[in-house]
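Student: So the chains spell out like this:
2 protein chains.
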Amino acid sequence: MPNVRLALAQTNPTVGDIEGNSEQIFSAVAVAAARGAHLVCFGEMALTGYPIEDLAARPEFLESAEEAVLTLASRLVDEGLGDIAVVVGHPALAPQNTQRESERLSEHDWSIAQNVASVIREGEILGRYAKHHLPNYSVFDEYRNFVPGDELLTFEHLGVRFSTVICEDIWQSGGPVAEISRAKTDVLLVLNGSPFELDKAGRRVELARAIAAQHSCEVVYVNLVGGQDDLVFDGSSFSVSKHGEILVRAKAFAPDITFLDFDAIAKTGRSTETEAATHSQLESVWQALVLGLRDYARKNGFKSVVLGLSGGIDSAVCATLAKDALGAQGVYGVAMPSRYSSQGSLDDAADLAGRLGISIRTESIEPVFKTFQDQLTLTGLAAENLQARIRGMILMGLSNSHGHLTLTTGNKTELAVGYSTIYGDSVGGFAPIKDVPKSMVWDLARWRNAEATAAGEIAPIPENSISKAPSAELRPDQTDQDSLPDYKLLDEILELYINQHLGVSEIQAKGFDGAVVSKIVSLVDGSEWKRRQGAIGPKISGMAFGRDRRLPITNRFKSH
Amino acid sequence: MPNVRLALAQTNPTVGDIEGNSEQIFSAVAVAAARGAHLVCFGEMALTGYPIEDLAARPEFLESAEEAVLTLASRLVDEGLGDIAVVVGHPALAPQNTQRESERLSEHDWSIAQNVASVIREGEILGRYAKHHLPNYSVFDEYRNFVPGDELLTFEHLGVRFSTVICEDIWQSGGPVAEISRAKTDVLLVLNGSPFELDKAGRRVELARAIAAQHSCEVVYVNLVGGQDDLVFDGSSFSVSKHGEILVRAKAFAPDITFLDFDAIAKTGRSTETEAATHSQLESVWQALVLGLRDYARKNGFKSVVLGLSGGIDSAVCATLAKDALGAQGVYGVAMPSRYSSQGSLDDAADLAGRLGISIRTESIEPVFKTFQDQLTLTGLAAENLQARIRGMILMGLSNSHGHLTLTTGNKTELAVGYSTIYGDSVGGFAPIKDVPKSMVWDLARWRNAEATAAGEIAPIPENSISKAPSAELRPDQTDQDSLPDYKLLDEILELYINQHLGVSEIQAKGFDGAVVSKIVSLVDGSEWKRRQGAIGPKISGMAFGRDRRLPITNRFKSH
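If you're matching them up, the sequences are chains A and B in order.
If you're matching positions, the first sequence starts at 104 in this note's numbering and goes up one per residue.
If you're matching positions, the second sequence starts at 104 in this note's numbering and goes up one per residue.
There could be a bad hint or two in this list.
It does not matter which identical chain is used: a pair holds within one copy or between any two.
As the list claims (entries may be wrong) - The calculated lysine to any residue pairs, modelled on SDA-like cross-linking and capped at a C-alpha distance of 20 Å, are: (1) K661 / E126; (2) K473 / S441; (3) K661 / S574; (4) K633 / G506; (5) K571 / L592; (6) K473 / A137; (7) K303 / E469; (8) K354 / L626; (9) K661 / L196; (10) K661 / D616; (11) K473 / E259; (12) K473 / E554; (13) K633 / L501; (14) K591 / E126; (15) K473 / A555; (16) K287 / A486; (17) K303 / R108; (18) K406 / Q317; (19) K661 / W274; (20) K661 / E169; (21) K406 / A485; (22) K633 / F405.
Simulated from the structure, these hints should not be mistaken for lab results.
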């Protein structure tokens, strides 16, 4: 068995920053070479970032990517790194003769690109693999954007036979993946852009084990890392032997280069370690949210965020996430009391800011509210919404004046049932906890406090913000449970309706009250128009609001 | 040749209103029967409305549609209409053994439905055709939502042989449509959910002619009509003979039942009439916008709209559209002057309201602006945005108090370059002219005025609103051209960048100034986050903002 050292290069690209991403790739190859690597494998579309969406339809974009691959190849030779095999993901113009058989669009020549892995060596492109299975479900639109490939790429490097596939290809049967054994593959390189989802990491490992066993080869799984709009790539690249042993494991939620010595593989045996052992669920979610927020801010040029601090749990968790993402100096809190705000809420907000060491200012909404009401005299819900909208206007004014990214602090439960004011508390460019159900917001707060305490630090979130009854404080003595069922019950029903696609009678059959279920389902359906205008935020569940769940606004279907 | 009478039933369904749509279908069959029809053909998904998006993933929804087909079949028999063949579009659970061959999703069992046409006769489902070509480009996600069918359905009724396909099937080569001649088809029934786009109607007719000539059959093209979120189905159903003659043509933008006598077809010859002759482009656009707005309001339960009247051209056109859609009594205009508003603007707004006979009230933004500024003292762009946001707050307050749908009056040019204030002038549930470039807004205004004048009515839009230089009036003596190029030039460049996917250097090569092009492209790219939070509005172009154009917010690619 030859002695070949592989490097799993887990980079954090930015979509469209081809130059910057190329630099990352070059540096990673140089670092890997310095540590003796003979082959370096990157994640899916590491050169352009991922997903590129309809940028795939722009010839200019594809040409820029192609030029960057050639430039990288030359530069590697120029810098004496030409003998290293580099496997890098990028989009490429589909070959002229590639037809999506009978599905090829004649009138609308939309898909002109392929999602490929190029193998670079000695300044040349040794081969190119085009992704076969194009995910077109959940947040993915790959059948829209790409033409599928249909051939496995196998190449030999220093006596070892490598085959290359991309992400979804190992999740489906059929296609090039079926050819792995026939191609006498020693090592299968899988380039991935696999976003974080609760409990997904373990499934990846199980899948890689199954492929490794079936095709009797080692599997190297390289994932991207970093936030891209509503997705967070969690990294966690790994390799499994044909015996099922986890050979290496890269960091979660951070760039990493991990090495794997091929001659050491033969010595391995069976392992049953699973990902679950390495990260608790809440820890993973927290890190995903921090990375999603940090990268959205960084990649869009924001150094600071502004958010309202109500004294409640949602804004407390968002402020803590923001501090973890950007540092205390990048977080600007604003307490915006109304006539209905309790002193306790103001105290809790100030307590939070003190614990986090972040800036806080107080801007009463009372003067503007009074002036507005002297003129229009709104009542009921309209008056409640008005208060939220004045707060939104203050936050946007500060954002416009100081260049802060505005964070909106709504959680998934609120977004589901429409318990928010559009153009009010919903204003902002990013929604850090939009995919976190209210029950989990509390869990995260407790987890984060416990972590801090265990580390001998100050628990960031005031106990009072966790334990008190949640209230929007838009009218006297209001609590959320005046208009909504208990959050635990609510979240259970939402899980069944939204994530599991069950109807009212099916949910009722699980022991829930039919009237409550109907009411909740009706609130969810009626809030679609608000969600459509909402900010993006990191997906952590199997069914996030946004492009993961696409429903008409005009929709009279009533689940029954 | 037997004497068979066909009816093209062009209905306006509402997505999800299976009961109401069924009622429409039953009534149309009854009316057609009373006029001697032997076969009635409906549009694509006439039973559930279209597009249903991810409702296709809900078993309960599919079961409800299936039940409705069976109920309709029984009811037709009960009412003595069982001998009529009824061809109706709806979604259906895909047969258990249907596999999307190698593409079938194992892990994510997303597509469980098919997009079908059922043939009902004598209380039974005689046959069912499943759409083969699933559009997955532009606004369509059908490959996400459906499993493709692969067999043509041919049936005989009163001695005539009919075959059935659905919409995209005739726009692509291959698949069931190739079997039409072999099946000895006399009449091809094409069920469509084809949204309005500028200049599309003529292409449909040409395509049907080509199919008719190629397969030597008559082609019956039945389209839906009505607005559904951002789409407007324009109706305009038609039939062409194998000789290319247009046999019948249904109304554009209104429900219709049109009859075609099969024994009369043999007498036809070649015709060269095209759709362009029947509607001017501006008339079609106006009708599409009116129908889109009317149906969004009606299908979502709104009887009235509220909008800001600035005295400018955009709000004038939107108010006129709203009056044409809902009647003058359903339109509530609000003039919201600031310290920078000219008396001329107020006069123009009042003049417009008088001409339209709509309600107008004046709410100065000055008191709230002053109170806010006494507290926060915003300057520059932040202060300009503040004014727009106070207006948004007033409109939403009135909307919340009175149940009006808020209209946002931004045009496509403004949305493209981000010349609007998020949570300010962008607030609203519907954006009537969001896909209309500024140059066309003026054209539409002139066209609508000329139509009125020709009909002896008062021209609705004040000449001054058309002729004056556009201004946001957010600072002294401001005009749009302070920060933007001339609108005609701007629209030409936007057409090339957005609709034609050209890059900066390609646009420059067409004779435009490189610096201007770069600036505009950069404005477009930088406004993606605002557009993501924008209201929906009717698509009239080949590339509308929204689900037609899907780009990342985080995107550092610079066209060059």
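Student: Confirm or reject each hint.
Tutor: Here is what the structure says about each hint:
{"no.": "1", "hint": "K661 / E126", "in the structure": "between (53 Å within a copy, 17 Å between copies)"}
{"no.": "2", "hint": "K473 / S441", "in the structure": "both (10 Å within a copy, 19 Å between copies)"}
{"no.": "3", "hint": "K661 / S574", "in the structure": "neither (29 Å within a copy, 45 Å between copies)"}
{"no.": "4", "hint": "K633 / G506", "in the structure": "between (26 Å within a copy, 15 Å between copies)"}
{"no.": "5", "hint": "K571 / L592", "in the structure": "within (18 Å within a copy, 58 Å between copies)"}
{"no.": "6", "hint": "K473 / A137", "in the structure": "neither (67 Å within a copy, 64 Å between copies)"}
{"no.": "7", "hint": "K303 / E469", "in the structure": "neither (47 Å within a copy, 54 Å between copies)"}
{"no.": "8", "hint": "K354 / L626", "in the structure": "neither (41 Å within a copy, 38 Å between copies)"}
{"no.": "9", "hint": "K661 / L196", "in the structure": "between (45 Å within a copy, 18 Å between copies)"}
{"no.": "10", "hint": "K661 / D616", "in the structure": "within (17 Å within a copy, 54 Å between copies)"}
{"no.": "11", "hint": "K473 / E259", "in the structure": "neither (76 Å within a copy, 73 Å between copies)"}
{"no.": "12", "hint": "K473 / E554", "in the structure": "neither (44 Å within a copy, 47 Å between copies)"}
{"no.": "13", "hint": "K633 / L501", "in the structure": "between (24 Å within a copy, 17 Å between copies)"}
{"no.": "14", "hint": "K591 / E126", "in the structure": "neither (48 Å within a copy, 41 Å between copies)"}
{"no.": "15", "hint": "K473 / A555", "in the structure": "neither (42 Å within a copy, 45 Å between copies)"}
{"no.": "16", "hint": "K287 / A486", "in the structure": "neither (71 Å within a copy, 68 Å between copies)"}
{"no.": "17", "hint": "K303 / R108", "in the structure": "neither (28 Å within a copy, 58 Å between copies)"}
{"no.": "18", "hint": "K406 / Q317", "in the structure": "neither (48 Å within a copy, 63 Å between copies)"}
{"no.": "19", "hint": "K661 / W274", "in the structure": "neither (34 Å within a copy, 34 Å between copies)"}
{"no.": "20", "hint": "K661 / E169", "in the structure": "between (50 Å within a copy, 16 Å between copies)"}
{"no.": "21", "hint": "K406 / A485", "in the structure": "between (35 Å within a copy, 18 Å between copies)"}
{"no.": "22", "hint": "K633 / F405", "in the structure": "between (26 Å within a copy, 16 Å between copies)"}
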